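Visitor: As you go down the protein sequences, you meet chains A and P in turn. Note that the numbering used here has the first sequence beginning at 23, numbered continuously upward. Note that the numbering used here has the second sequence beginning at 2, numbered continuously upward.
Just so you know, these hints were derived from the structure itself, not from any lab. Computed from a predicted model, the values in this text were never measured in an experiment. Heads up, a few of these hints could be off.
Claimed, not checked - Dumping the calculated DSBU-like pairs for lysine-lysine here, alpha-carbon to alpha-carbon at most 30 Å:
(1) 112/A x 229/A
(2) 484/P x 152/A
(3) 124/P x 468/P
(4) 179/A x 484/P
(5) 119/A x 468/P
(6) 179/A x 124/P
(7) 179/A x 181/P
(8) 120/P x 179/A
(9) 418/P x 119/A
(10) 403/P x 418/P
(11) 231/P x 119/A
(12) 75/A x 484/P
(13) 152/A x 181/P
(14) 119/A x 403/P
(15) 119/A x 52/P
(16) 120/P x 229/A
Unchecked claim - Here are a few chain P residues that face chain A, going by a calculated C-beta distance under 10 Å:
(17) 217
(18) 385
(19) 466
Said to hold, decoys possible - Okay, the calculated beta carbon distance ranges per label pair:
(20) 187/A x 49/P: 51 to 57 Å
(21) 51/A x 250/P: 36 to 42 Å
(22) 42/A x 151/P: 52 to 58 Å
(23) 250/P x 42/A: 22 to 28 Å
(24) 68/A x 435/P: 49 to 55 Å
(25) 46/P x 205/A: 37 to 43 Å
(26) 292/P x 43/A: 32 to 38 Å
(27) 88/P x 152/A: 49 to 55 Å
(28) 58/P x 52/A: 39 to 45 Å
(29) 205/A x 416/P: 34 to 40 Å
(30) 31/A x 60/P: 43 to 49 Å
The C-beta atom is built at its ideal place from N, Cα and C for all residues, glycine as well.
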Amino acid sequence: MYNFSDLSKAVIAGQESKVKELTQAAINGGAEPLAIINEGLIAGMNVVGARFKSGEMFVPEVLVAARSMGAGVAMVKPLLLGQEVPSSGKVLIGTVKGDLHDIGKNLVALMLESGGFDVVNLGIDLAPDKFVAAVKEYQPQVIGLSALLTTTMLVMKDVIELLKEEGLRDRVKVIIGGAPISYDFSSEIGADGFAPDAATAVDLCRKLLA
Amino acid sequence: MPTKSNYVANSSTMFRVLSPSQCDEILLAAEEVLERTGVMVYDEEAREIMKKAGCWVDGARVRIASSIVERSLRSAPQRVTLCNSRTGSRDVQLEGYNAYFGTGSDTPFFIDPYTQERKRGTKQLVSWACKCIDALPNLDFVMSLGIVQDVPLLISDRHQFEAEVLNTGKPIVITAHDIKGYADIIEMCEIIAGGEEELRRNPFMTLYAEPISPLQHAEEAATKLVLAAKKGLPVVYTPCVMAGGTVPASMAGVITNGLAESLSGLVINQTAREGAPFIMGGVFTIMDMTTTIFSYGSPEFDLLMAALADMAHYLKLPMFGTAGCSDSCIMDEQAGVEAALSITMTALSGPNLNHDVGYVEYGSTSSLDLLVTCNDIIGMARRLVRGIQVNDDTLALDVIDKVGPGGNFLKEDHTGKYFRAETLNSELNDRQSYDLWKESGSKTMEKRANEKTRSIIEDYQPEQLPKDVQQKIHAIVERAENKLRS
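Looking at chain P on its own, in the form it has when it is part of the complex (with noise of 0.2 Å):
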């Protein structure tokens, strides 16, 4: 056997938007930013921590040196693992190019998988919301993909948790209303945990906040990323800026903008507490200019989450992306265009946690059978991503030999050997003849993904929280009731 010096291989596809040159000038120009302009900051507490780390705070304003951006930049771990409830297993590693999909959180309404008709959410979506993404193999991780709506709504937060976590064991990336709302769901998860240690150790859940673009952090937000340092707990912290809106009209100004009110709110974790794990997000897309709406399924928003992936890569942090999600009011032709081109340019550009698989209306409405039809384009962005294998095995020449001119590799033992581990066989999309396709109901894909979503919620019984667990739970939801009925 020869050695093969110089031998450079691929072994996943290889993608990238930014080159290190460009990450580093846009890092010092968003630096810039928090020196020059600086941001708000509505939180007292969080101001002061800030000016003891030495910021420069005047009023509500808050500057920030480069040198304290990069300290932060250091402290933060590189890497985020979150566990399934049920079974602890460390399932989730947010670090490197790892790319897990799961659903967003929060649309005011949802499309009922029985009539197609928009509702607004409710506590029983929610559960059949989180059914669905345990129940699908490549969904990896859960937000509520509803606002519960049919119960006291200033206090629906805690409803919301409780629907999912006795719903699904896999991660869950925690919304809550303010931190009071924060304190009762901490609570829930460190007893279904078994404790404050245990729950830190292995955490099953992240908090979540976002800043209001442009480089503002509201009091609930700042206070949201003071209280996971002090508790030690993930957070996701993702601004939602629109290009030519609350941030500049050009790319590189998208995310520069979009950047610094990401490390401004590293800044404000890390200040109150070096170390705590921090996951920097950003849904960074364009205002579209004749509607004005948040647009989930421009190409510019695949763009600017696959460049913002090449930065996260670039400092060394963890990063919340978005992807399976479109401006369609419904789960139709251009929901299906715009999920496949975000998920596979998600998966090609690897940022770790990626969320709003589900969203319609540019995230004002959730759609379970979108949701369903995603879990097939996610294993088909996977399979993309996988590459090839080059090796004397997979060149295959021996076979090549065998077979020769005119034959065929169905009956080959090399066939056998790879055709399950080389080809993905997706569940929804179809491949049948006209006539084949046509005497088993002529089935659109919209109508197989609805088969799919109702048998689900029909006949998919997730592993149950024990009922001791669950009793405790609920009494912390009755008692947050209790108390905003007194």
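Extracted from the complex, chain A is given alone in its bound form (with noise of 0.2 Å):
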């Protein structure tokens, strides 16, 4: 049994280039990829999580973490052989048409990204054929959506109506998020979720895909 916990807490620290080193170690050492991403890697993510949520780590070093964690992942993905690297879900995201702002967004997708989600970022700008054309190509579990301007926002409800027209509605759950949005106005538009904020917003996913 290989002892991963010096790569885990690396991953806590956010050493990218210790969990190189170690990741390198773990694969000369013959230990099994699967495990090293199980218990090496995503084991010190996972601390990383419970720590931002009870307020003793903050977003950057959550980032920094993730990134220092992919870079391990990076290495052993050769070495699965076909095994899937574990995924909590497949997420698309992106700001909706006439709207640049992409800050809030980006975060999101950042912070999916650390809870252990694919993310495929869509953009800024995208009207709504352009999400639907996105579900056909990349079969997500989710997509989100985001707007900060309430004119903005309306396009929110009409990816939701071409995604039904397309037939697409029931495949796919549809998250909303920004400035000017609300529970209300999730609920009022079909949505099947609304997250406040980055971190919600990966619960909800979460929730959404048990």
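With the hints as a guide, dock the two chains, each given alone in a separate frame, to form the complex.
Guide: In structure tokens:
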């Protein structure tokens, strides 16, 4: 049984070069590739998630830890030989048409990645047909729509309507977020959920896919 | 009488964060950002104008030589005056260290002063807010304090302006969804002012636009800067930057990056038309790394605002500041503390057009009760800034000698002469003894503020615009609505 505690600690501390070094050592030491990911890298990230929730760690520390975890996963991936990298689910995310604001949306994407989700970040200023085409292409379980403006948040409804028209609505959960969004608006346009911030968005995706 | 050489008097309280050398260093760094990194300009006309002025255009990326930034700094006027739309009086002189206060715009939500519920903004809310501002003596200008959402949303900006201008004569910082919204609102302004030329000479309004941090000028923002220049109307351009999020986490890095955004906006505006009135803004703050909100109440927000004010004075540009706002979700102790600190720092550091008074929930919600409270806080801050006058009469040696040890000053002429001018009487602060406070209803400040809000809404009548002007304005609102329908 390989001891992964140092590797987990390096992930928690966000020490990317140390994570790489210890991942390589684990590979050389004959550790099971999937165990390196689950018991070393993801185990460290789970501690980070818990510490963030309790207020001991802050967003940049979470993101740096996730980056160092990612560096380790990238090294192990070629050795998985057909086995899948463990994933919490696939989420497609983008800012709706007319809106170029994207820090909040990018933050949600980063936090989802930190939470073990595969994230396809489509970018900004996206018309409903772009979302629909991406749903067809990437087959996500969740799509996240972002808007900062009251004028552009109306486009969220158009996206949901087009998903219905294309017969895709049942295949994907739709979540929405952004400054003018509320729980009321979310149910009014028939979304599956609303998250008031990035950390809640991760919990929401977990809940929807449970 | 002897003469006094080498006598230095502070005729106001003195305060600054950055020294002139530090301001210079930050300016040079921002110029380097614009030469080396450049900005995105998502509007073709603006890029063409910049290219003609000598900027290096590469796709949407525009890099700007320092010489062009410096030329724009020289051509922009040092002062902008805003008038009262009813009296024409040139009340708001944006220059030097003059600090004026007003509300913020476009919050999606507001706290209903009658039910204390958080609701979506309505036309009535904006009308109430503007009535309050018109009534409150320490509030000098207006932004909507809410997004009107009980009308068709795509043209709600016209309704918003109508609600504003019907309820106050104080200058208005106008927000609009897009260039068409602005065209309609400017048309309304020209009707009120009595013509295009009149509005330019005696503007009672300024346009408003903001870049998207980091270093991006969206199409709407760039076209607004160009439109303002062509029209010769003032424009506020205000980057909203988050330390550690859209800009570096170091305070000097925040100012450098934010200033580069402002200065590139200035270049778009000044290359479109030299000498156009430009008001440099900046809401510079931290991203709170637990909640990821854009903080309106952190000490860093106050510090950055004061530092940017030093920059604006150094650059000799009128400045749009921020104060009287809070991260708290409601009007409570936290809101009072944060609003008081920011108003005090702002009054001391002297940015000119200071908005967002009345914001709670980091700019997502507005509170009229906080606005009314801030009226008193601004009064207190203004008292602090007035400082202490030192002269023979205020040193009061004769009356000190007359009263002598063990006497009192209550019935002295000198006291009668000075106590009103020297002492601020706050309306909302309670200084009663416990028993009297209890007898008068045991009211908290929130309760007292709420009562005042309601009495303004119910009893105050702002001066009306002439009936025919009101009709013409409403006709433009209806025209926009009909266009939307067809």
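Visitor: Each hint needs a verdict: does it hold in this structure or not?
Guide: Evaluation of the provided hints:
no.	hint	result
1	112/A x 229/A	holds (14 Å)
2	484/P x 152/A	holds (28 Å)
3	124/P x 468/P	holds (20 Å)
4	179/A x 484/P	holds (22 Å)
5	119/A x 468/P	violated (40 Å)
6	179/A x 124/P	holds (24 Å)
7	179/A x 181/P	holds (24 Å)
8	120/P x 179/A	holds (21 Å)
9	418/P x 119/A	violated (64 Å)
10	403/P x 418/P	holds (16 Å)
11	231/P x 119/A	holds (28 Å)
12	75/A x 484/P	violated (50 Å)
13	152/A x 181/P	holds (26 Å)
14	119/A x 403/P	violated (77 Å)
15	119/A x 52/P	holds (28 Å)
16	120/P x 229/A	holds (28 Å)
17	217	holds (7 Å)
18	385	violated (34 Å)
19	466	violated (27 Å)
20	187/A x 49/P: 51 to 57 Å	violated (40 Å)
21	51/A x 250/P: 36 to 42 Å	holds (38 Å)
22	42/A x 151/P: 52 to 58 Å	holds (57 Å)
23	250/P x 42/A: 22 to 28 Å	holds (25 Å)
24	68/A x 435/P: 49 to 55 Å	holds (54 Å)
25	46/P x 205/A: 37 to 43 Å	holds (41 Å)
26	292/P x 43/A: 32 to 38 Å	holds (34 Å)
27	88/P x 152/A: 49 to 55 Å	holds (52 Å)
28	58/P x 52/A: 39 to 45 Å	violated (57 Å)
29	205/A x 416/P: 34 to 40 Å	violated (59 Å)
30	31/A x 60/P: 43 to 49 Å	holds (45 Å)
The structure fails hints 5, 9, 12, 14, 18, 19, 20, 28, 29 (numbered hints given earlier, in ascending order).
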